[in-house]
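J.: Dock chains B and C against the given chain A, drawing on the hints supplied.
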Amino acid sequence: MRHLMSPLDFTVEELDYLLDLANDIEKYPEKYKRACEGKKLATLFYEPSTRTRLSFEAAMMNLGGNVLGFSSAASSSASKGESVSDTIRMISCYADICAMRHPKEGAPVVAASKSSIPVINAGDGGHQHPTQTITDLLTIRSLKGRLSGLTIGLCGDLKFGRTVHSLINALVRYEDITFVLISPEELKIPDYIREDVLIQNNIKFKEVERLEEVMPELDLLYMTRVQRERFFNEEDYVRLKDRYILDAKKMELAREDMLVLHPLPRVNEISVEVDNDTRAAYFRQVQYGVYARMALILILLEISVDA
Amino acid sequence: MRHLMSPLDFTVEELDYLLDLANDIEKYPEKYKRACEGKKLATLFYEPSTRTRLSFEAAMMNLGGNVLGFSSAASSSASKGESVSDTIRMISCYADICAMRHPKEGAPVVAASKSSIPVINAGDGGHQHPTQTITDLLTIRSLKGRLSGLTIGLCGDLKFGRTVHSLINALVRYEDITFVLISPEELKIPDYIREDVLIQNNIKFKEVERLEEVMPELDLLYMTRVQRERFFNEEDYVRLKDRYILDAKKMELAREDMLVLHPLPRVNEISVEVDNDTRAAYFRQVQYGVYARMALILILLEISVDA
Amino acid sequence: MRHLMSPLDFTVEELDYLLDLANDIEKYPEKYKRACEGKKLATLFYEPSTRTRLSFEAAMMNLGGNVLGFSSAASSSASKGESVSDTIRMISCYADICAMRHPKEGAPVVAASKSSIPVINAGDGGHQHPTQTITDLLTIRSLKGRLSGLTIGLCGDLKFGRTVHSLINALVRYEDITFVLISPEELKIPDYIREDVLIQNNIKFKEVERLEEVMPELDLLYMTRVQRERFFNEEDYVRLKDRYILDAKKMELAREDMLVLHPLPRVNEISVEVDNDTRAAYFRQVQYGVYARMALILILLEISVDA
Numbered sequence: 001m002r003h004l005m006s007p008l009d010f011t012v013e014e015l016d017y018l019l020d021l022a023n024d025i026e027k028y029p030e031k032y033k034r035a036c037e038g039k040k041l042a043t044l045f046y047e048p049s050t051r052t053r054l055s056f057e058a059a060m061m062n063l064g065g066n067v068l069g070f071s072s073a074a075s076s077s078a079s080k081g082e083s084v085s086d087t088i089r090m091i092s093c094y095a096d097i098c099a100m101r102h103p104k105e106g107a108p109v110v111a112a113s114k115s116s117i118p119v120i121n122a123g124d125g126g127h128q129h130p131t132q133t134i135t136d137l138l139t140i141r142s143l144k145g146r147l148s149g150l151t152i153g154l155c156g157d158l159k160f161g162r163t164v165h166s167l168i169n170a171l172v173r174y175e176d177i178t179f180v181l182i183s184p185e186e187l188k189i190p191d192y193i194r195e196d197v198l199i200q201n202n203i204k205f206k207e208v209e210r211l212e213e214v215m216p217e218l219d220l221l222y223m224t225r226v227q228r229e230r231f232f233n234e235e236d237y238v239r240l241k242d243r244y245i246l247d248a249k250k251m252e253l254a255r256e257d258m259l260v261l262h263p264l265p266r267v268n269e270i271s272v273e274v275d276n277d278t279r280a281a282y283f284r285q286v287q288y289g290v291y292a293r294m295a296l297i298l299i300l301l302e303i304s305v306d307a
Numbered sequence: 001m002r003h004l005m006s007p008l009d010f011t012v013e014e015l016d017y018l019l020d021l022a023n024d025i026e027k028y029p030e031k032y033k034r035a036c037e038g039k040k041l042a043t044l045f046y047e048p049s050t051r052t053r054l055s056f057e058a059a060m061m062n063l064g065g066n067v068l069g070f071s072s073a074a075s076s077s078a079s080k081g082e083s084v085s086d087t088i089r090m091i092s093c094y095a096d097i098c099a100m101r102h103p104k105e106g107a108p109v110v111a112a113s114k115s116s117i118p119v120i121n122a123g124d125g126g127h128q129h130p131t132q133t134i135t136d137l138l139t140i141r142s143l144k145g146r147l148s149g150l151t152i153g154l155c156g157d158l159k160f161g162r163t164v165h166s167l168i169n170a171l172v173r174y175e176d177i178t179f180v181l182i183s184p185e186e187l188k189i190p191d192y193i194r195e196d197v198l199i200q201n202n203i204k205f206k207e208v209e210r211l212e213e214v215m216p217e218l219d220l221l222y223m224t225r226v227q228r229e230r231f232f233n234e235e236d237y238v239r240l241k242d243r244y245i246l247d248a249k250k251m252e253l254a255r256e257d258m259l260v261l262h263p264l265p266r267v268n269e270i271s272v273e274v275d276n277d278t279r280a281a282y283f284r285q286v287q288y289g290v291y292a293r294m295a296l297i298l299i300l301l302e303i304s305v306d307a
Numbered sequence: 001m002r003h004l005m006s007p008l009d010f011t012v013e014e015l016d017y018l019l020d021l022a023n024d025i026e027k028y029p030e031k032y033k034r035a036c037e038g039k040k041l042a043t044l045f046y047e048p049s050t051r052t053r054l055s056f057e058a059a060m061m062n063l064g065g066n067v068l069g070f071s072s073a074a075s076s077s078a079s080k081g082e083s084v085s086d087t088i089r090m091i092s093c094y095a096d097i098c099a100m101r102h103p104k105e106g107a108p109v110v111a112a113s114k115s116s117i118p119v120i121n122a123g124d125g126g127h128q129h130p131t132q133t134i135t136d137l138l139t140i141r142s143l144k145g146r147l148s149g150l151t152i153g154l155c156g157d158l159k160f161g162r163t164v165h166s167l168i169n170a171l172v173r174y175e176d177i178t179f180v181l182i183s184p185e186e187l188k189i190p191d192y193i194r195e196d197v198l199i200q201n202n203i204k205f206k207e208v209e210r211l212e213e214v215m216p217e218l219d220l221l222y223m224t225r226v227q228r229e230r231f232f233n234e235e236d237y238v239r240l241k242d243r244y245i246l247d248a249k250k251m252e253l254a255r256e257d258m259l260v261l262h263p264l265p266r267v268n269e270i271s272v273e274v275d276n277d278t279r280a281a282y283f284r285q286v287q288y289g290v291y292a293r294m295a296l297i298l299i300l301l302e303i304s305v306d307a
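Residue numbers (this note's numbering), protein chains in the order written: chain A, 1 to 307; chain B, 1 to 307; chain C, 1 to 307.
Here chain A stands alone, though its shape is the one from the complex (with noise of 0.2 Å):
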């Protein structure tokens, strides 16, 4: 039995293979209609996440299976002190595979240790988020044909941002890529992604604070949040945060097939004249979301649906 705690739990070649089947379903929907009746997904969520939790849910009816589970840890048996390995027994009587959201690094490897089902870390805490990064590979290679030789900026908080430093460790596995790191100085990504996997690996990169300059480069755009609470003063916040704003004109100067990702929910880091841009793939992006967990689900449950 296998479960999915990292993006990188899986091969290269896996990975492929979970791509091409996430593509054979977003083509042809009516085959997989019934592939998981009669199974059930627990959703454990111990933080809300409405995004991630639908996103699930719908891939597993879209399968045909059930879902049932928590939203929230008030409403859950966590309030009455139970472990996570106890809970984690208990769901694996009630059903055949389980997403579990946490806010505590590591609760999902805890889980899957002790479960007898297949268990998906749909995000813990600071962590990991593997099907977020799964989805970005699957919408990449969908829009741009490939997942090597492209060059990609990574703009925002690339300090804290989970989502950007798995997508890095993610994406360093294909061959021929540059990263454009776009950020003020105090969200400069980390030594342990600068020195141990970028360099470490050869991979080419640059750091730069502005946006603009790099615009015209890019093959792919992957914005992300500049949280308030993140800076030492207000004015520093203040000074910095509209720099890091996509809108219209920043987009004049971006090449007519570079594509706009986000792992939403977005605030106000892309303004909403953006959206109707062809390039900006970000709803896009939630739709292969939805095949990616159709996917894994099917992979982790060993089902195979005939052609």
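One should not assume that every hint holds.
A pair holds if it fits inside one copy or across any two, identical chains being indistinguishable in the list.
Calculated lysine to any residue pairs in the SDA-like style (CA-CA distance at most 25 Å, straight line) [said to hold, decoys possible]:
(1) K144 x S92
(2) K114 x K250
(3) K159 x E235
(4) K159 x G81
(5) K114 x T278
(6) K39 x F231
(7) K144 x D275
(8) K250 x S85
(9) K249 x E26
(10) K249 x D275
(11) K27 x R284
(12) K114 x F283
(13) K104 x G125
(14) K31 x I303
(15) K204 x S92
(16) K114 x S271
(17) K27 x S92
These are computed hints drawn from the structure, not numbers from a lab.
T.: Chains B and C in isolation, oriented as in the chain A frame:
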């Protein structure tokens, strides 16, 4: 693609079609039990409303469809500051139709403008609650056999009662309706209903303070709650509240075929002794609410079921 | 139409039938997977209980049915002051059967009196929790092969423990049962169990303070939590709590075929080192809870499945 924002979105003819369909569903539920197979309804409840939410969920399940969503803002992305526009675009990737309840007037209209799936307004603040109105019309037509030629008593808080305003607006489109408006002075219907709707359309109506005096005239009595917080002072509330409690004694004054309706939940404005009166129709109204929503979902999804 | 309010609602013969059905479900789950197609279970949880709620939901889904409801009073109409009587009449329009958890004793009885669908008491305050008791009986009968001729240890808080009282009441109906009641002085079983149930029925029992001394005699040890707030002073709690923790050392004193049960969730009254002991049956008990509820739903809905 079509949404439902206000009860007046449908013409009288379209509404007739919907009510006919609802009655067919009531008569032949088996015919419809797979009509929405593979479809998903999203229930986006930014404020709790068990009655309305479960009515929608039961409706979709009766049609063979699935349901996902959230039952309060606390367990949704709303807490992360996401706009309704962005949420609906996400939900458009997860579901085929959605019902939205929101404390702010107009939120469902904003959602509909960005949605790629039909949006049903399931109540927006004190503004509109069209599926309640359609339920009321279905109940009246099913149990009285017609929507014209009726003398309809509306009793309680006629000033702030959203349900009552919507029902008046919907019923003035039928012929020969007489309204008897029963309320304390403080809670009479506002001018924009009295002047702009009733007088403007030459509708017969009268306004009275005492329920007893008009009971014998009524074909139908629509009760609503008189909320304590609507009164300027406690004395007035205490003095008036009992007058608007419907009990067995007041029911003795009514015709044998007079129906009592109430949007529910009631607190104490209808005495429980009335529940066993065959003229009490407020629980049958709940059941009609499910049929009305089933018909609505089918129409908005453009699904037709052969005889 | 029949409800389940107390474990004693069923005669011993009816209970035998239910347990036989549950064992058939365990053995041939495929036979039952469409038994409740088109049926809906409402889970009305006025206080959270993930374990019980999800067990009911899994049970209904395993039977091919659908589930709707709420998981806490906060997200329900209860906050608008609606009575349980009105709520159940609403729910009767939405579902075919319901499971109700309520903090107030007797709430499910009130609901059942007004309901037009079967109501299952899923726990009402410190009063009854009949599906837990049925689960316990099913677990014992399935794993020990009988419900008579057993020496059963009940350990922990025997004064306030609803589960323990219900289990005693249920087991005295079988032949040749011996109870060994293990608790601190402060938490001994109350007189209305000792006098009115045990002595009245000539049941063999003894009351002891130390778990070790009786371990070798037991066919079954039912553990419960000793809650800190039950003690008058902290000293007594600290002094006593460890005595009632089941660990590997104490398990060495037990017979090779002694079973350990626990209604869960546990906090620390069973050491995790016991989990791997083949005699630990508390997680299998969770699984039996699903089968028990499946059988119960079928019986209350009067659905029979051919062989």
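J.: Each of the hints needs a verdict: does it hold here or not?
T.: Right, here's what the structure says about each hint:
1. Proximity of K144 and S92 under a CA criterion of 25 Å is satisfied inter-copy only: 23 Å between copies versus 39 Å inside one chain copy.
2. For the identical chains of this complex, K114 and K250 are inter-copy neighbours only, at 24 Å across copies versus 50 Å inside a copy, given an alpha-carbon limit of 25 Å.
3. Taking the closest pair of Cα atoms, K159 and E235 come within 25 Å of each other only inside a single copy of the chain (19 Å); across copies the shortest separation is 49 Å, beyond that limit.
4. With identical chains, the CA atoms of K159 and G81 are at most 25 Å apart between copies only, with a shortest distance of 22 Å across copies and 33 Å within one.
5. Only between protomers do K114 and T278 lie at most 25 Å apart by alpha-carbon distance; the minimum there is 16 Å, versus 46 Å within a single protomer.
6. Neither within a single protomer nor between protomers do K39 and F231 lie at most 25 Å apart by alpha-carbon distance, with minima of 46 Å and 45 Å respectively.
7. Taking CA atoms no more than 25 Å apart as the test, K144 paired with D275 passes inside one copy only; the shortest distance there is 19 Å, against 51 Å between copies.
8. Taking identical chains as interchangeable, the C-alpha atoms of K250 and S85 lie at most 25 Å apart only when they sit on different chains, with a minimum of 23 Å there against 49 Å within one chain.
9. Taking the closest pair of Cα atoms, K249 and E26 never come within 25 Å of each other, the shortest separation being 33 Å inside a single copy and 57 Å across copies.
10. For the identical chains of this complex, K249 and D275 are intra-copy neighbours only, at 13 Å inside a copy versus 62 Å across copies, given an alpha-carbon limit of 25 Å.
11. Proximity of K27 to R284 under the C-alpha cut-off of 25 Å is restricted to the intra-copy arrangement: shortest distance 15 Å within a copy versus 42 Å between copies.
12. Taking the shortest Cα distances, K114 and F283 sit within 25 Å of each other only across copies (12 Å), while inside one copy they are farther apart (36 Å).
13. Taking the closest pair of Cα atoms, K104 and G125 come within 25 Å of each other only inside a single copy of the chain (5 Å); across copies the shortest separation is 32 Å, beyond that limit.
14. For the identical chains of this complex, K31 and I303 are neighbours both inside a copy (13 Å) and across copies (21 Å), given an alpha-carbon limit of 25 Å.
15. In this assembly of identical chains, the alpha carbons of K204 and S92 never lie at most 25 Å apart, being 45 Å within a copy and 38 Å across copies at closest.
16. In this homomeric assembly, K114 and S271 come within 25 Å of each other (Cα to Cα) only across copies, at 15 Å, whereas the closest approach inside a single copy is 45 Å.
17. When the C-alpha separation of K27 and S92 is checked against a cutoff of 25 Å, the pair qualifies only between copies, where the shortest distance is 18 Å, while the shortest distance within a copy is 33 Å.
Of the numbered hints stated above, those contradicted by the structure are hints 6, 9, 15, listed in ascending order.
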